[in-house]
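Enquirer: Sequences are here, hints too, so could you generate the full structure?
In the order they appear, the protein sequences are chains A and B. Counting from 48, one number per residue, gives the positions in the first sequence under this note's numbering. Counting from 50, one number per residue, gives the positions in the second sequence under this note's numbering.
You may find that some hints are simply not true.
For each label pair, taking beta carbons as the anchor points, the in silico distance ranges come out as [stated by the list, open to error]:
#1 A:GLN130 x B:ALA66: 40 to 48 Å
#2 A:GLY63 x B:LYS110: 41 to 49 Å
#3 B:SER63 x A:GLY119: 27 to 35 Å
#4 B:GLN158 x A:GLY119: 31 to 39 Å
#5 B:GLN94 x A:GLY118: 43 to 51 Å
Derived SDA-like pairs: lysine to any residue, alpha-carbon spacing no greater than 20 Å straight-line [to be verified]:
#6 A:LYS104 x B:LYS160
#7 A:LYS58 x B:GLY90
#8 A:LYS104 x B:GLN51
#9 A:LYS104 x B:GLN91
#10 A:LYS58 x B:THR152
#11 A:LYS104 x B:ALA50
#12 B:LYS110 x B:VAL62
#13 A:LYS104 x B:GLY90
#14 B:LYS98 x A:LYS58
#15 A:LYS62 x A:THR144
#16 A:LYS104 x B:LEU144
#17 A:LYS58 x B:PRO89
#18 B:LYS98 x A:SER134
#19 B:LYS98 x A:ALA78
#20 A:LYS104 x B:GLY148
#21 A:LYS58 x B:GLN91
#22 B:LYS98 x A:GLU147
#23 B:LYS98 x A:PHE92
#24 B:LYS110 x A:THR148
#25 B:LYS110 x A:TYR150
#26 B:LYS98 x A:HIS76
#27 B:LYS98 x A:THR144
#28 B:LYS160 x A:LEU86
#29 A:LYS104 x B:GLY65
Which chain B residues stay away from chain A? Per the calculated CB distances, all over 12 Å, these [claimed, not checked]:
#30 THR61
#31 ARG71
#32 TYR74
#33 ASN124
#34 LEU163
Since the hints were derived computationally from the structure, they do not count as laboratory data. Where is the CB? At the ideal position from N, CA and C, for every residue including glycine.
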Amino acid sequence: GAGVSQSPSNKVTEKGKDVELRCDPISGHTALYWYRQSLGQGLEFLIYFQGNSAPDKSGLPSDRFSAERTGGSVSTLTIQRTQQEDSAVYLCASSFTGQETQYFGPGTRLLVL
Amino acid sequence: AQSVTQPDIHITVSEGASLELRCNYSYGATPYLFWYVQSPGQGLQLLLKYFSGDTLVQGIKGFEAEFKRSQSSFNLRKPSVHWSDAAEYFCALILTGGGNKLTFGTGTQLKVEL
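Expert: Next up, the structure:
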């Protein structure tokens, strides 16, 4: 079956612009996660959605970052007023429940000029 | 706070040689442990996982890992490396009962010499 998909695969933006990154989880998976992979910080957790529960936003680095998940499926990560330090690969993952293996998408490579 | 340490940033092995990638964790209890592999330009693929039970776990692509509670380690092994195994390997953990967010090590880049 289809895996986790993310779009766009690459995004180049100018400092100060807003960007939206999209994640389509595996059908039927109730849990969705966002991670960031950067040279300086490695792989870091950003946010976690589980069903209808309030999301765990404990990994978001600043209030410029937000995410939503509509209809329990697709998720959008929004970065407002992008900074050069936001340049990274943003990875999305999903799992069947909140206690199962996470399956990762190919990521969105973000470059802020 | 919990942490994962992968002491080897880069490892080079010859094709056909055995491989061991080290992973140590710091956490008060036994976490759930994972090994993921990332090929260039690709997402993360799960190799194997340990939740409980048998401390020697088998994964895909001929990999195995052994959980050693006394050493807080979860080392990844493969008896004979193939050139296609060249990639970056990440050890990760999830806290038991503490949500489902992965904490990753810094990764080990594996190079395979033909």
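Enquirer: The structure should be examined with respect to each hint, and the outcome stated for every one.
Expert: For each hint, the structure was consulted:
1. Between GLN130 (chain A) and ALA66 (chain B) the beta carbon distance is about 44 Å. The supplied range of 40 to 48 Å therefore holds.
2. At roughly 44 Å, the beta carbons of GLY63 (chain A) and LYS110 (chain B) sit within the given window of 41 to 49 Å.
3. Judged by the Cβ atoms, the range 27 to 35 Å given for SER63 (chain B) and GLY119 (chain A) is violated: they are separated by roughly 49 Å.
4. At about 37 Å, the beta-carbon gap between GLN158 (chain B) and GLY119 (chain A) stays in the expected band of 31 to 39 Å.
5. Distance hint check for GLN94 (chain B) and GLY118 (chain A): the Cβ-Cβ separation is about 28 Å, which falls outside the suggested range of 43 to 51 Å.
6. At most 20 Å may separate the alpha-carbon atoms for a hinted pair to count; LYS104 (chain A) and LYS160 (chain B) exceed this at roughly 36 Å.
7. For the suggested pair LYS58 (chain A) and GLY90 (chain B), the alpha carbons sit about 14 Å apart, so the restraint of at most 20 Å is met.
8. Straight-line distance between C-alpha atoms of LYS104 (chain A) and GLN51 (chain B) comes to about 18 Å, which keeps the hinted pair within the 20 Å bound.
9. Restraint check: the Cα-Cα separation between LYS104 (chain A) and GLN91 (chain B) comes to about 25 Å, which exceeds 20 Å; the hinted pair is violated.
10. For the suggested pair LYS58 (chain A) and THR152 (chain B), the alpha carbons sit about 26 Å apart, so the restraint of at most 20 Å is broken.
11. For the hint pairing LYS104 (chain A) with ALA50 (chain B), the CA-to-CA distance comes to about 17 Å; that is within 20 Å, so the pair holds.
12. Distance hint between LYS110 (chain B) and VAL62 (chain B) is fulfilled; the C-alpha atoms sit about 17 Å from each other, no more than 20 Å.
13. For the proposed pair LYS104 (chain A) and GLY90 (chain B), the alpha carbon gap of about 27 Å is over 20 Å, so the pair is violated.
14. Simply put, LYS98 (chain B) and LYS58 (chain A) have alpha-carbon atoms about 33 Å apart, too far for the 20 Å limit, and the pair is violated.
15. A distance of roughly 37 Å separates the Cα atoms of LYS62 (chain A) and THR144 (chain A); the hinted pair therefore is violated under the 20 Å criterion.
16. With a CA separation close to 17 Å, the supplied pair LYS104 (chain A) and LEU144 (chain B) stays within the 20 Å bound.
17. A distance of roughly 18 Å separates the Cα atoms of LYS58 (chain A) and PRO89 (chain B); the hinted pair therefore holds under the 20 Å criterion.
18. For a cut-off of 20 Å, the pair hint linking LYS98 (chain B) to SER134 (chain A) is broken: about 30 Å separates their Cα positions.
19. Proximity of LYS98 (chain B) to ALA78 (chain A) is assessed by CA-CA distance (about 18 Å); at most 20 Å being required, the pair is judged to hold.
20. Among the hinted pairs, LYS104 (chain A) with GLY148 (chain B) is consistent with the structure: their alpha-carbon atoms are about 12 Å apart, no more than 20 Å.
21. Proximity of LYS58 (chain A) to GLN91 (chain B) is assessed by CA-CA distance (about 16 Å); at most 20 Å being required, the pair is judged to hold.
22. A distance of roughly 10 Å separates the Cα atoms of LYS98 (chain B) and GLU147 (chain A); the hinted pair therefore holds under the 20 Å criterion.
23. For the given pair, LYS98 (chain B) sits about 19 Å from PHE92 (chain A) by alpha-carbon distance, which is consistent with the 20 Å threshold.
24. Simply put, LYS110 (chain B) and THR148 (chain A) have alpha-carbon atoms about 17 Å apart, close enough for the 20 Å limit, and the pair holds.
25. The straight-line distance between the Cα atoms of LYS110 (chain B) and TYR150 (chain A) is roughly 17 Å, inside the 20 Å bound, and the hint therefore holds.
26. For the given pair, LYS98 (chain B) sits about 19 Å from HIS76 (chain A) by alpha-carbon distance, which is consistent with the 20 Å threshold.
27. As the CA atoms of LYS98 (chain B) and THR144 (chain A) are separated by approximately 16 Å, the hinted pair is consistent with the 20 Å bound.
28. The straight-line distance between the Cα atoms of LYS160 (chain B) and LEU86 (chain A) is roughly 19 Å, inside the 20 Å bound, and the hint therefore holds.
29. At most 20 Å may separate the alpha-carbon atoms for a hinted pair to count; LYS104 (chain A) and GLY65 (chain B) exceed this at roughly 44 Å.
30. At roughly 21 Å, the least C-beta separation between THR61 (chain B) and chain A is larger than 12 Å, which holds for a residue marked as non-interface.
31. Residue placement check: ARG71 (chain B) keeps its beta carbon more than 12 Å from all beta carbons of chain A (closest about 16 Å).
32. Distance to chain A confirms TYR74 (chain B) as a non-interface residue, since its nearest Cβ pair spans about 15 Å, more than 12 Å.
33. Remark: the non-interface label on ASN124 (chain B) is consistent with the geometry, its nearest Cβ contact in chain A lying 19 Å away (cut-off 12 Å).
34. At roughly 27 Å from the closest C-beta of chain A, the C-beta of LEU163 (chain B) stays outside 12 Å, upholding its exclusion from the interface.
In summary, the numbered hints that this structure violates are 3, 5, 6, 9, 10, 13, 14, 15, 18 and 29.
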